[in-house]
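Undergrad: Let the hints inform the model, and build the full structure from the sequences given.
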Amino acid sequence: MLDQVRVTVNGASISVPSGTTVAVAVTIAGQACRTSVSGERRGPLCGMGICFECRVAIDGRPHCRSCQILCEPGMEVTTDE
Amino acid sequence: MAAAVRAAECGVHVGIVDDNPTLGGQIWRGGPEDGRSRDAGRWSELLRTAGVTKLSGKRIFDQPDRGIVLAEGNDDVSELRYQNLILATGARERFLPFPGWTLSNVMGAGGLQAMVKCGLPIRGKRVVIAGTGPLLLAVAAYLRKNGAEIPMICEQTSWSSLAGFSLALLSQPAKIAQGLQLKRELSGVPFVANSWPLAAHGRQILESVTVSRGGKSETILCDYLACGFHLVPNIELAQLLGCHVNGGYVRVDDLQRTTVKEVFCAGEPTGIGGVDSALIEGQIAGLAAAGGTAEAQRLFGKREKARRFARTLDRTFRLRPELTKLPSADTLVCRCEDVPYSHLQQQTSWRAAKLHTRCGMGPCQGRVCGPATQFFFKWTPDSVRPPVFPARIGDLASIIGGPEPENSTVGGGLE
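First to last, the protein sequences are chains A and B.
This note's numbering numbers the first residue of the first sequence as 1 and each following residue consecutively.
This note's numbering numbers the first residue of the second sequence as 1 and each following residue consecutively.
Keep in mind that a hint or two might mislead.
Which residues of chain B face chain A? A few of them, derived with a C-beta cut under 8 Å, are [as the list claims (entries may be wrong)]:
1) ARG92
2) PRO99
3) GLY111
4) LEU112
5) ASP338
6) CYS364
7) VAL368
Because the hints were derived from the structure by calculation, they are not lab data.
This one's a predicted model, so the numbers in the text were calculated from it and none came from an experiment.
Beta carbons: idealized from backbone N, C-alpha and C, even for Gly.
TA: What follows is the structure, encoded as structure tokens:
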């Protein structure tokens with residue numbers, strides 16, 4: 001399926017193929033997902049929802065495991081900054 | 001999926017609860033691209049025609065009483081009632097910390113593959129693959145097919161272990177065919193045994209990896225490091241339900257029944273054996289749970305063959321002792337709470353480490369750091385307590401609150 005889905009990551013609008021996860025959209029947007037307790041920038045590790053490194057806020061809902069969530073049109077994603 | 005299909009074919013009402021956005025776990029994530037997809041397509045179709053209820057994007061976090069589990073979705077919480085429960089919770093990768101492993105673009109081997117299956121562009125990117133286990137080869141082949149450049153595959157086990165593995169495969173023609181196919185797909189890609197990562201380097205993201213190779217170190221420029229040390233069974237839910245565990249795996253009888261009589265378990269949590277094992281065990285569990293015992297017994301022979309492969313896997317990909325030296329003093333072991341290796345060296349047990357350093361108390365609840373500390377220090381993890389997966393306070397409150405949550409019980413129950 002070559003449908004595109006448009007989401008925003010930290011305010012920037014990007015278009016990704018349908019079936020793309022939010023974690024991948026964040027990576028494509030050149031952003032890290034979260035900042036660790038000691039200030040390290042972190043991105044996805046396990047890709048399957050168990051490590052919690054890919055946590056972002058989606059449409060205002062915090063702590064979403066973005067590797068387990070498919071992009072939907074109009075989603076607003078914000079990472080730890 | 002196999003369990004659900006066979007149970008439904010026996011005429012019982014079946015539902016599948018799966019945290020992932022689509023069914024099929026990790027091995028069939030993302031849909032068809034290769035030979036295995038024929039199996040995936042076939043079982044998907046059987047599932048559809050069998051009329052199984054699908055609850056995707058939901059994870060079970062507690063059991064308030066026998067016959068009831070609580071599952072949280074992204075926006076809701078459900079109470080699910082069942083007469084029989086089949087656990088097919090799969091496995092996750094074993095991660096071992098080394099300097100630089102927390103850099104962006106260092107991921108699990110299956111982890112990177114999952115990201116690519118979900119849209120991560122990989123064409124023209126250089127990916128070093130390291131760790132242990134057959135997953136490394138499967139991932140390398142998949143990434144290469146999608147245009148990645150693989151400068152090296154670093155397997156920590158020895159050449160003699162691998163030779164033994166190949167010999168053991170001689171009795172399994174299907175596996176030989178898979179092996180030869182992989183060999184074709186990976187022709188020209190350097191594969192090195194007795195090799196492991198020493199450090200990942202980069203300022204904001206990964207830029208290069210230093211690996212140990214034949215006693216010397218070698219630095220390779222790359223965009224991604226796909227690194228995983230074989231698989232660890234996801235037994236937490238089984239433990240929550242009171243199922244006995246033996247040597248790290250859920251104990252089951254011939255019919256895949258656990259020590260809790262209405263709970264069955266199939267696939268990786270009973271022993272790491274890959275997709276073939278999982279499909280057979282799933283069918284046995286589904287048939288047994290739905291009363292098709294005789295039909296389940298007809299699959300015992302196939303299962304024994306698959307189990308032999310599982311034992312071979314286990315023997316071949318044991319972690320070598322040199323890997324206990326992977327982390328340096330300041331290498332973070334617990335990524336959730338940023339606990340360095342040096343802080344853990346002083347601890348005497350998993351519980352002591354939790355209390356003194358918070359290692360294992362973050363969101364992953366030890367799913368990442370637990371297997372690593374078990375390997376480094378021989379700590380055995382504590383028993384599990386609910387919630388067995390992080391859950392929203394609002395959802396917990398709404399359940400304790402009294403009146404039935406509005407979105408409870410789908411379709412009369414699961415079996």
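Undergrad: Evaluate each hint against the coordinates.
TA: Each hint tested on the structure:
1. Checking B:ARG92 against chain A by beta carbon gives a least distance of about 5 Å; that is within 8 Å, so the hint holds.
2. The beta carbon of B:PRO99 is not positioned within 8 Å of any beta carbon in chain A (closest approach about 13 Å), and the interface hint is therefore violated.
3. A least Cβ separation of about 4 Å between B:GLY111 and chain A falls short of the 8 Å threshold, and the interface hint therefore holds.
4. Taking 8 Å as the C-beta cut-off, the interface hint given for B:LEU112 holds, the closest approach to chain A being about 7 Å.
5. Contact between B:ASP338 and chain A, as hinted, is supported at the beta carbon level, the nearest pair being about 4 Å apart and thus within 8 Å.
6. Below 8 Å, beta-carbon pairs count as interface contacts, and B:CYS364 has one with chain A at about 5 Å; its hint therefore holds.
7. Hint status for B:VAL368: holds, given a least beta-carbon distance of 5 Å to chain A, under 8 Å.
Hint 2 alone, counting from the list given before, is not met by this structure.
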